[in-house]
Amino acid sequence: MQYHAPATVKDAVKLLAASKGSTQVLAGGTDLLVRMRSGFSEPDNIIDIKRISPMCKIARDGKGFAIGAAVSSAEMSENPALAKAWPGVVEAAALIGSTQIQGRATIAGNLCNASPAADSVPAMVAAGAKALIRGPKGKRQVAVEKICKGPGKTVLKKGELVEAILLPAKPARTGDAYLRFIPRTEMDIAVAGAGVCLTLDAKGVCTAARVSLGAIAPTVLLVNKAAQALVGTKVDDDALDALAKACSAAARPIDDKRGTKEFRIHIAGVLARRAAIIARDRALGKS
Amino acid sequence: MFQIQISTSINGDDTEFSCEPDETLLDVLRDRLGMTGSKEGCGTGDCGACSVVVDGRLVCACLMLGAEAQGREIETIEGMADGTELHPLQQKFLDHAALQCGVCTPGFLVAAKSLLERNDNPTEEEVRYWLAGNLCRCTGYDKIVRAVLDTAKDMRKPAKAKKPAARKRVKA
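So the protein sequences, as listed, match chains B and A.
Take the first sequence: its letter number 245 is residue 245 in this note's numbering, and every next letter is one higher.
Take the second sequence: its letter number 53 is residue 1053 in this note's numbering, and every next letter is one higher.
Think of the hints as simulated: they come from the structure by calculation, not from any bench.
Take these hints with a grain of salt, some might be off.
[What the hints assert, rightly or not] Chain A stretches covered by chain B per the calculated footprint, using a threshold of three residues with CB under 8 Å from any CB of chain B:
hint: 1; region: 1021 to 1035
hint: 2; region: 1063 to 1077
hint: 3; region: 1128 to 1139
[Said to hold, decoys possible] Beyond 12 Å from chain B on every Cβ pair, some chain A residues (computed):
hint: 4; residue: Asp1013
hint: 5; residue: Thr1015
hint: 6; residue: Gly1043
hint: 7; residue: Asp1046
hint: 8; residue: Met1080
hint: 9; residue: Leu1086
hint: 10; residue: Gly1102
hint: 11; residue: Val1103
hint: 12; residue: Leu1149
hint: 13; residue: Met1155
Heads up, the beta-carbon is just placed ideally off N, CA and C, and yes, glycines get one too.
Can you make the complete structure from the sequences, with help from the hints?
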């Protein structure tokens, strides 16, 4: 195995494009090193992106944010402007692992690891985040919900890497939230998760919404029917019931040691409902 | 595999080592540098027994490559005591009997020190959350949490004029 630590994105792309055999990008390493140790991954090359200074920064991108692919969850939590604008995304990233993991784990890595249960991904999808991809042919932006093709598989082509996660400017009266279910209070993998981002007008009527579900399908799902259940309503009980129903209907989970199919289908609706209430209150400036 | 030459700082000492590209920082510390204070419990970032601080950030040494240490500042349990003088946390762990077999202790100490450097007045909840990535199979955590809270209290004393401490633990 060869270890590379390029200083620029350009050099990283060159290395990725020219590499022979299997190549892994190393950001926080909290998934990659575990996989290497257990023998699931035996890369011929590792490209460490933590020496690329722009990728280690959170930049204001117009009114939105560009979160470099090497930025840790802890650094996101410590950024007051980011936490104020997108609390759902920051809280989702903060749910991943322990203090030690928080100091290393990145949301770009969480996305590229392509686990259906990745906590930060439904929150990013709800927020309308895009992945800024850099490759031999230049830059492209891809909606986060379009990155994962299945467990462990992404749409990234040879030579491409995620340079940053782009969060849009947040419209007025907009709130986001992410909730997950785990059988204990901390340090576990989501049995199911739900992200909601919604915008209200001056009268409190929902004008736009995005609803996402995690761990209930091979990839994180953007559930348009659930969003439609909120638009045009004051996000009242009837709307929330319709939202929960649409989420349960969209869920197509598996049975595993963490939860049964039946439970996941039910809890997907429950979590979306609760997340929508938090998002609504945030949009109203209540929390 | 050819070895990588790394220059880094460990507990304030300039340190050079060579390592394989896929060797973890934990393996380097233990097997190449003879610093066996950091323990390997799980090797997958779950137990925190290998906790070290890298550039001010608490991390698991098992989840970092030795090669990544180039130019970084690393703090390990070996740098915690000042010669024969224990760090206040180490003393409080002894006073509170916050250890049994001791395998998790270096990780807990490094993690707790990192907490108190950021927050000198943590609540019990904050201590428990901060240390949630450090597993102990002997003590059941209460004594560890008490030792950390008691250290924080003592360490705050010089800075603030506080009421005389009349506190004695009653609960077992």
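Compute the least Cβ-Cβ separation between Gly1102 (chain A) and chain B, then decide whether it is above 12 Å. 19 Å, holds
Measuring Cβ to Cβ, find out whether Met1080 (chain A) lies farther than 12 Å from everything in chain B. 17 Å, holds
Nearest-CB test (12 Å) between chain B and Met1155 (chain A): Fine: 19 Å to the nearest Cβ keeps Met1155 (chain A) off the interface.
Over 12 Å from every CB of chain B: does Gly1043 (chain A) meet that, or does the non-interface label fail? 6 Å, violated
Given as non-interface: Val1103 (chain A), which should sit over 12 Å from chain B by C-beta: 16 Å, holds
Coverage of the region 1128 to 1139 of chain A by chain B (three or more Cβ within 8 Å): holds (count 6)
Just checking, Leu1086 (chain A) versus chain B, shortest CB gap more than 12 Å? At roughly 23 Å from the nearest Cβ of chain B, Leu1086 (chain A) sits farther out than 12 Å, so the non-interface label holds.
Beyond 12 Å from each Cβ of chain B, as asserted for Asp1013 (chain A): 23 Å, holds
For the region 1063 to 1077 of chain A, count the residues whose Cβ lies under 8 Å from any Cβ of chain B; is that count three or more? holds (count 6)
In terms of beta carbon proximity below 8 Å, does the region 1021 to 1035 of chain A have 3 or more residues touching chain B? holds (count 3)
Check on Asp1046 (chain A) being off the interface with chain B, judged by Cβ distance over 12 Å: 8 Å, violated
Would you assess whether Thr1015 (chain A), listed as outside the interface, keeps its beta-carbon beyond 12 Å of every beta-carbon in chain B? Label holds. Min Cβ-Cβ 18 Å, cutoff 12 Å.
Hint compliance for this structure: hints 6, 7 are broken, all remaining hints hold.
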